[in-house]
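Undergrad: Next come the chains, spelled out residue by residue.
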Amino acid sequence: MIKEFTKGFIKENPVFVMALGLCPTLAVSSSVMNAIGMGLAATFVLVCSNIIISLIKGFIPNKIRIPAYIVVIASFVTIVDMVMEAYVPDLHKNLGLFIPLIVVNCIILGRAEAFAGKNNVVKSILDGLGMGFGFTLALIVIATIREILGAGQFLGFNVLPTSYKPVLVAILAPGAFIVMGILMGMMNLKKKE
Amino acid sequence: MKYYLQLGFVLLLITAIASGVLAYINGLTAPMIQENQRRIKAEARQEVLSEATVFDSIGAFNNEAVYAGKDADNVVVGFTFLASLYGYSSNIKTMVGVKPDLIVNKIKIISQTETPGLGANCQQMEFQAQFSDQSSGDLVVDKDGGQIVSITGATITTRTIANSIRNGLEYLTALKITENAETAQAEEEAVE
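If you read the sequences in order, they're chains A and B. Mapping the first sequence onto the numbering used here, position 152 (from 1) lands on 158, and the numbers just tick up by one. Mapping the second sequence onto the numbering used here, position 30 (from 1) lands on 187, and the numbers just tick up by one.
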């Protein structure tokens with residue numbers, strides 16, 4: 007049972023192992039603050055949609071399951087968007103257009119199709135939490151590297167001496183690919199041992 | 158045939174329920190969001206024209222009212238408008254406070270989603286401070302031969318902000334010209 011929760015951390019990490027949700031990972035990991043915000047918002051949507059989809063899996067005919075899943079996911083993302091804009095406008099402004107992008111985060115549709123559509127609610131909740139946590143973890147690791155190398159900062163605070171010349175490419179798209187690629191490679195090496 | 162009708166009906170049911178829930182949440186949050194927007198703009202207005210205690214609407218620019226700020230003695234201490242132009246990856250909205258001689262007093266960027274670490278650095282105080290005390294003609298980026306220092310790796314963002322402010326100043330200039338023309342006209346007619 008617990009395995010359903012922990013598998014998302016390392017063994018089946020959505021970013022480094024299953025290569026899901028790479029678009030938002032690349033885009034949001036330029037700063038740790040954004041990474042944390044995005045990770046938490048995506049986890050919330052993932053757990054909620056897993057619950058609903060697991061509950062109604064009996065009622066959805068197989069042929070229309072994808073559109074049905076997407077309606078559920080998009081609804082939760084819209085709810086997150088509206089609630090954040092109303093109650094935490096500053097954080098909402100920081101995450102900006104990344105929130106609507108959660109809809110097309112493949113992790114959420116992927117888990118709905120591969121797990122929630124075939125398992126009970128309790129297991130789906132654990133799966134959602136674990137995958138979401140693994141996603142957030144991956145985002146934070148990448149963002150830490152990119153923010154420190156590319157801006158000399160961590161969570162907006164300067165952590166390197168002012169004489170440090172930031173490696174700008176680290177916060178641009180190529181930097182994202184390179185950092186992610188190196189980390190994936192390292193994880194594969196570790197798995198082979 | 159009946160099978161496809163059944164498929165369609167299930168989708169209809171799911172989307173109907175989803176729409177209902179969303180409409181409900183929207184009803185709850187929309188007023189809060191509008192109030193947040195209004196409050197942010199009012200605070201920004203006060204910040205870019207700190208001597209003003211009253212703001213009178215004198216026109217509209219970018220779908221936002223242009224205000225003449227007056228102090229306690231009802232003397233005009235300046236104007237405010239909302240500068241807005243699409244930058245590198247988002248609409249950049251800047252609240253601009255202008256002195257009566259149409260020199261920029263202070264600006265405050267209230268909305269943007271430019272690239273974090275690059276264009277998004279336009280939010281920093283030091284960057285926004287360099288727009289103070291600039292006239293319309295001074296609002297040129299260094300890459301275009303002017304004095305405004307662009308953010309490293311974000312010339313487009315910088316140029317957009319400068320241009321958007323210049324647009325607003327030109328609007329104000331035109332407004333004041335018409336105001337002066339109307340006042341002159343009225344004085345002429347009064348004399349006759």
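If you're looking for bench data, these hints aren't it; they were derived computationally from the structure. Even for Gly, the Cβ is constructed at its ideal location relative to N, Cα and C. Where hints are given, some of them may not hold.
Claimed, not checked - Listed next, with one range per pair, are the computed distances between beta-carbon atoms:
id	chain 1	residue 1	chain 2	residue 2	range
1	A	F65	B	A199	40 to 50 Å
2	A	K171	B	E339	29 to 39 Å
3	B	N231	A	F163	28 to 38 Å
4	B	A199	A	P73	37 to 47 Å
5	B	T335	A	V89	41 to 51 Å
6	A	K17	B	D301	48 to 58 Å
Undergrad: The structure should be examined with respect to each hint, and the outcome stated for every one.
TA: Here is how each hint holds up against the structure:
no., hint, result
1, A/F65 - B/A199: 40 to 50 Å, "holds (49 Å)"
2, A/K171 - B/E339: 29 to 39 Å, "violated (57 Å)"
3, B/N231 - A/F163: 28 to 38 Å, "violated (46 Å)"
4, B/A199 - A/P73: 37 to 47 Å, "holds (43 Å)"
5, B/T335 - A/V89: 41 to 51 Å, "holds (45 Å)"
6, A/K17 - B/D301: 48 to 58 Å, "holds (54 Å)"
Checked against the numbered hints given earlier, this structure breaks hints 2, 3; the rest are met.
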